[in-house]
Each structure stands twice: as structure tokens, then as C-alpha cells.
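Asks: The residues making up each chain are set out below.
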Amino acid sequence: MQATGMSANNLSVFYGEKEAIKSVSLEFAPREVTALIGPSGCGKSTFLRSLNRMNDTIGGVRTKGEIWIDGENINDPGVDVVLLRQKIGMVWQRPNPFHKSIYENIAFGPRYHGIRKKKQLDAIVEECLRKSALWEETKDRLHSSALALSGGQQQRLCIARSIAVQPKVILMDEPASALDPVSTAKVEELIAELKKDFSIIIVTHNMHQAARVSDKTAFFYMGKVVEYDKTDKIFTNPSEKATDDYISGRFG
Amino acid sequence: MIRRKELDDGLEQLKGMLIEMGTRVEKVLGDAMRALENLDTLAARRIIADDIKLNQIEENVDLLGARMIATQQPVAKDLRRILVAFKMASDLERMGDLAVDIAKVVVRLDGQTLVKPLVDLPQMAEISQQMIRESIQSYVQENVNLACKMAKDDDQVDALFSQVVRDLYGLMMDNPRTITQAGLISFVGRYIERIADHATNIGESVVYLVTGKRPDLNA
Numbered sequence: 739m740q741a742t743g744m745s746a747n748n749l750s751v752f753y754g755e756k757e758a759i760k761s762v763s764l765e766f767a768p769r770e771v772t773a774l775i776g777p778s779g780c781g782k783s784t785f786l787r788s789l790n791r792m793n794d795t796i797g798g799v800r801t802k803g804e805i806w807i808d809g810e811n812i813n814d815p816g817v818d819v820v821l822l823r824q825k826i827g828m829v830w831q832r833p834n835p836f837h838k839s840i841y842e843n844i845a846f847g848p849r850y851h852g853i854r855k856k857k858q859l860d861a862i863v864e865e866c867l868r869k870s871a872l873w874e875e876t877k878d879r880l881h882s883s884a885l886a887l888s889g890g891q892q893q894r895l896c897i898a899r900s901i902a903v904q905p906k907v908i909l910m911d912e913p914a915s916a917l918d919p920v921s922t923a924k925v926e927e928l929i930a931e932l933k934k935d936f937s938i939i940i941v942t943h944n945m946h947q948a949a950r951v952s953d954k955t956a957f958f959y960m961g962k963v964v965e966y967d968k969t970d971k972i973f974t975n976p977s978e979k980a981t982d983d984y985i986s987g988r989f990g
Numbered sequence: 017m018i019r020r021k022e023l024d025d026g027l028e029q030l031k032g033m034l035i036e037m038g039t040r041v042e043k044v045l046g047d048a049m050r051a052l053e054n055l056d057t058l059a060a061r062r063i064i065a066d067d068i069k070l071n072q073i074e075e076n077v078d079l080l081g082a083r084m085i086a087t088q089q090p091v092a093k094d095l096r097r098i099l100v101a102f103k104m105a106s107d108l109e110r111m112g113d114l115a116v117d118i119a120k121v122v123v124r125l126d127g128q129t130l131v132k133p134l135v136d137l138p139q140m141a142e143i144s145q146q147m148i149r150e151s152i153q154s155y156v157q158e159n160v161n162l163a164c165k166m167a168k169d170d171d172q173v174d175a176l177f178s179q180v181v182r183d184l185y186g187l188m189m190d191n192p193r194t195i196t197q198a199g200l201i202s203f204v205g206r207y208i209e210r211i212a213d214h215a216t217n218i219g220e221s222v223v224y225l226v227t228g229k230r231p232d233l234n235a
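Protein sequences, first through last, are from chains A and B.
Every letter in the first sequence is one number past the one before it in my numbering, and letter 94, counting from 1, is 832.
Every letter in the second sequence is one number past the one before it in my numbering, and letter 199, counting from 1, is 215.
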């Protein structure tokens with residue numbers, strides 16, 4: 739599959755009466771890393787989850803507006819959510835591998851989507867582990883439990899699992915916040931590698947991580963996007979004072 | 017927020033050091049010109065010996081700025097404040113060196129009398145001193161208009177310098193025995209003209225600090 743961009747158009751998300759996301763419009767370019775930053779409760783994770791309709795699973799959440807990918811509005815009632823999440827993968831804050839072997843963690847998705855031949859699955863497992871820089875560490879123990887891996891390895895396995903179904907976009911919600919510095923550096927390196935094939939949207943509380951890994955940065959505050967620009971610009975000379983104050987640690 | 021306090025304290029310290037450098041440079045230029053007018057070699061030697069203080073402050077700016085970048089990870093305007101501090105400290109240190117160069121001319125003129133009274137040079141120095149003062153003021157107030165005024169003042173200094181050189185050429189042609197001294201005096205003109213250029217650089221730094229864009233005021 740080809741990497742593709744996606745866009746949100748006047749997207750609003752409500753928790754009951756409360757409008758958590760207020761008519762946000764953002765364009766995500768293909769093969770770019772976009773970082774979403776902002777203080778806790780500003781709506782960035784809610785926004786991220788709405789990009790592959792993960793909010794559907796939370797009671798009392800209502801979504802208004804459009805999200806376009808491949809000429810399709812994913813908020814249309816007719817959209818197959820399973821296929822949608824194949825197209826738009828997700829990596830969570832805490833590594834959450836299945837209680838299965840390393841091999842099965844990766845083979846699970848492709849098998850679910852109809853690939854049965856062992857040779858083909860073997861090839862996918864190897865390719866995904868290589869792309870996630872895990873192959874050398876795991877090739878001799880593919881059939882041992884994924885839970886025996888370290889936290890950083892587990893997170894890279896989750897990333898490998900997410901790319902096994904050949905998504906176009908990968909959403910990451912604080913993918914390195916539970917990891918030690920070395921594992922964090924590995925995940926960041928991996929993000930830089932993965933953007934050759936995928937579009938990546940990442941929520942992070944770590945400002946310097948946003949500065950290091952992303953091409954564009956969107957600053958969320960109180961459910962709105964205050965500023966969206968090239969990351970270089972945001973971190974050297976932001977246009978909005980609120981952005982400057984936030985990234986300099988004056989509030990948030 | 018603890019992180020901010022450390023950063024804010026550091027930025028305040030940098031500002032204080034730059035103000036001190038500016039005050040010292042303005043004074044040392046005045047002292048050097050007075051030493052020249054009076055051909056006071058004693059004062060000139062004191063100026064030369066005192067230059068080490070400016071060098072030390074510049075070094076401290078570098079150390080503190082580097083430490084803050086390493087430990088506080090400043091971004092956006094905070095980062096520009098530190099980058100500008102490096103640049104300004106280096107400009108101010110150079111200005112101090114140029115004032116020392118004037119003092120060295122005084123030492124070389126030991127035992128002579130001036131072949132002509134100084135008229136344009138003191139005026140150049142006065143404008144340059146005002147530029148130093150105002151460039152630092154524009155930095156403290158983050159006043160872009162005042163910073164941009166440096167360009168106009170610098171043109172004035174440049175024009176005076178051309179005048180000085182023309183006059184000295186005339187003097188040298190009329191009386192070749194003045195060549196050595198007139199040559200040294202024209203160097204002094206050049207040193208002051210360079211000081212004004214560095215003050216203009218400070219103006220540019222202030223514009224960059226405030227707007228994030230680099231103007232070219234020395235064009």
C-alpha cells in the first residue's frame with residue numbers, strides 16, 4: 739500500500755455536553771511525521787483517537803465533522819471500521835503485545851485479513867521485524883512469548899505489529915513515554931525510518947521529542963489548534979505567543 | 017515551575033553581563049579618545065591592561081549560555097536570547113579590542129605632538145558611544161525601532177570617516193613628514209568606524225531577538 743495523507747475538516751468531538759475538540763481542521767501530508775503537542779486535557783489524544791474512530795468505543799462520545807483519507811470520509815456510517823483500522827494503525831502509550839509469541843503478534847493481523855500461507859506469513863514477520871529494528875534481537879526466539887521482551891522491545895514489537903497489515907497512516911499516542919532513554923532513542927530512530935513508508939501522527943508530552951522526530955507540529959490548546967506549522971518554525975520562531983509560552987514551559 | 021526559574025535566572029544573568037560589557041565598552045572608547053587627545057600614554061597603558069576584564073565577561077557569557085543550552089533545552093525566544101547573547105558578547109569584546117587598538121596608537125605617539133587638532137574623530141567617537149549606549153538600550157527594552165536607528169547613525173560615522181581620510185591625505189601631501197602620524201590617526205578613524213559597525217550588529221541581534229528574522233543593517 740502507498741502512504742497517503744489525511745485531513746480533518748471541522749472536526750468536533752463531544753463528551754456528553756462538553757465539546758472537547760472544537761471544529762479542528764488539519765491536513766497531514768504523506769510520508770511526514772506530525773506531532774500533536776499541548777497541555778494535558780487540551781484534546782490532542784481525543785483528536786488522535788478520532789482519526790481511526792477509536793472514540794466509538796467510549797460511551798457518550800459524539801463526533802461531528804469529516805475526516806478524509808483516500809477520498810473517503812471515515813465518519814460516514816457505511817465505513818467498515820475494521821478495514822479503516824487496517825488502513826490507520828495505532829500504537830499506544832504502554833506496550834500492549836498479545837499474550838502470544840513474537841511471531842504470532844505480527845502474524846495475527848495479516849492472518850485476520852486473509853493471509854494463510856506460512857511462507858507468506860514468515861516473510862511478513864521477518865520484514866516487519868526488520869523494519870522495526872527487532873529482527874536481530876528476536877530471530878532466534880520468534881516462538882517464545884512476546885511478554886519476555888523488555889519494555890522497549892515490546893513497544894517496537896507493537897509497532898511491527900501495526901505495520902504488518904500495511905497501513906497508510908500510523909497513529910502513536912505517547913509511544914515512548916513509558917520507556918527508558920535508550921529505548922526512547924530507538925523508537926525515535928524507528929519513527930524516522932518508518933516515515934519513508936508511512937504517514938505518522940504522534941501525540942507526545944515530550945517537547946524535545948516532538949522537535950526531534952516531527953516534520954510538522956500542531957499545538958493544541960483547549961480543544962483548538964492554536965498553531966500548525968513546520969516543526970523548525972514552531973521551535974525557533976513560533977507565530978503565536980501562546981505557542982512560545984507553552985514550548986518554553988511557561989504554562990502547561 | 018522549577019525548570020523555568022533556573023532558565024529565567026540564567027537569562028537575567030546573561031542580560032546583566034551584556035549590560036556591563038556595553039557600559040565598559042562605551043567608557044573605554046571615551047577613555048581611549050581622551051588619551052589620544054592628551055597623548056596620555058599612562059592612561060593608554062591602563063586601557064590596554066584593563067581589556068582582560070571584558071574578555072573575562074565574554075568568556076562567562078559563553079560558559080553560562082552553553083550550560084543553559086545543555087541543561088535547560090531552551091527553545092524559541094529563550095533560545096534566541098542565548099544565541100543573541102553569544103553574538104552580542106563577541107561584538108562587544110571586539111569593540112573593546114578596537115578601543116585598545118586606539119590606546120596602542122597613543123603609546124606609539126609617545127613624545128610627539130599632534131600635527132593637527134582632532135575635530136572629526138572625536139565626533140565619530142561621540143556618535144559611536146551613543147550607538148553603543150542605544151544599542152544596549154534597544155536590547156534591554158527590546159525596542160526594534162531604536163535598534164534599526166543604528167543603520168542611520170552608522171552611515172553618519174562612515175561619512176565622517178571618509179572626511180577624516182580625505183583630510184589626512186591632504187595633510188600628508190602637503191607635508192610628507194606627517195605621514196607616519198597621519199597614517200596612525202587614520203587607523204584610529206578605521207577603528208572607530210569598525211566599532212560603529214559592531215554596534216550596528218547589536219542592533220541586528222536585537223531585531224532578530226524580537227522578530228526571529230535577521231535584518232541587514234550594515235548594508
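Certain hints may be false.
[Claimed, not checked] Not everything, but these chain A residues come out facing chain B in the computed CB check (under 10 Å):
1) Gly889
2) Ile985
3) Gly987
[Said to hold, decoys possible] If you want the ones that stay clear, here's a sample from chain A, every Cβ over 12 Å from chain B, calculated:
4) Gly809
5) Asp918
6) Val920
7) Met945
8) Lys979
9) Arg988
[Claimed, not checked] Per label pair, the in silico range of CB-to-CB distance:
10) B:Lys103 <-> A:His943: 30 to 38 Å
11) B:Gln72 <-> A:Ser977: 52 to 60 Å
12) A:Ile853 <-> B:Lys103: 58 to 66 Å
13) B:Ile35 <-> A:Pro919: 21 to 29 Å
14) A:Ser977 <-> B:Val123: 18 to 26 Å
15) A:Phe989 <-> B:Arg182: 55 to 63 Å
16) B:Lys43 <-> A:Ser977: 39 to 47 Å
17) A:Met960 <-> B:Asp25: 24 to 32 Å
18) A:Lys855 <-> B:Gly228: 25 to 33 Å
Please keep in mind that the hints were generated in silico from the structure rather than gathered at the bench.
Glycine included, each C-beta is placed from N, C-alpha and C at the ideal position.
Asks: Give a verdict on every hint.
Replies: Hints, one by one, checked against the model:
1. Gly889: Cβ of A:Gly889 sits 24 Å from chain B, so the hint is violated.
2. Ile985: This hint holds: A:Ile985 lies near chain B, its Cβ roughly 5 Å from the closest one there, short of 10 Å.
3. Gly987: Holds, about 5 Å.
4. Gly809: About 38 Å separates A:Gly809 from the closest Cβ of chain B, which puts it past 12 Å; holds.
5. Asp918: holds, 19 Å
6. Val920: Holds: least Cβ distance 19 Å, greater than 12 Å.
7. Met945: With a cut-off of 12 Å, A:Met945 comes too close to chain B, as the shortest Cβ separation is near 7 Å.
8. Lys979: Answer for A:Lys979: violated, closest chain B Cβ roughly 9 Å.
9. Arg988: violated, 6 Å
10. B:Lys103 <-> A:His943: 30 to 38 Å: holds, 33 Å
11. B:Gln72 <-> A:Ser977: 52 to 60 Å: violated, 39 Å
12. A:Ile853 <-> B:Lys103: 58 to 66 Å: Taking Cβ atoms as reference, A:Ile853 and B:Lys103 lie about 59 Å apart, which means the hint holds.
13. B:Ile35 <-> A:Pro919: 21 to 29 Å: Check failed, 39 Å falls outside 21 to 29 Å.
14. A:Ser977 <-> B:Val123: 18 to 26 Å: violated, 53 Å
15. A:Phe989 <-> B:Arg182: 55 to 63 Å: holds, 59 Å
16. B:Lys43 <-> A:Ser977: 39 to 47 Å: holds, 40 Å
17. A:Met960 <-> B:Asp25: 24 to 32 Å: At 30 Å between Cβs, range holds.
18. A:Lys855 <-> B:Gly228: 25 to 33 Å: With Cβ atoms ~57 Å apart, the hint is violated.
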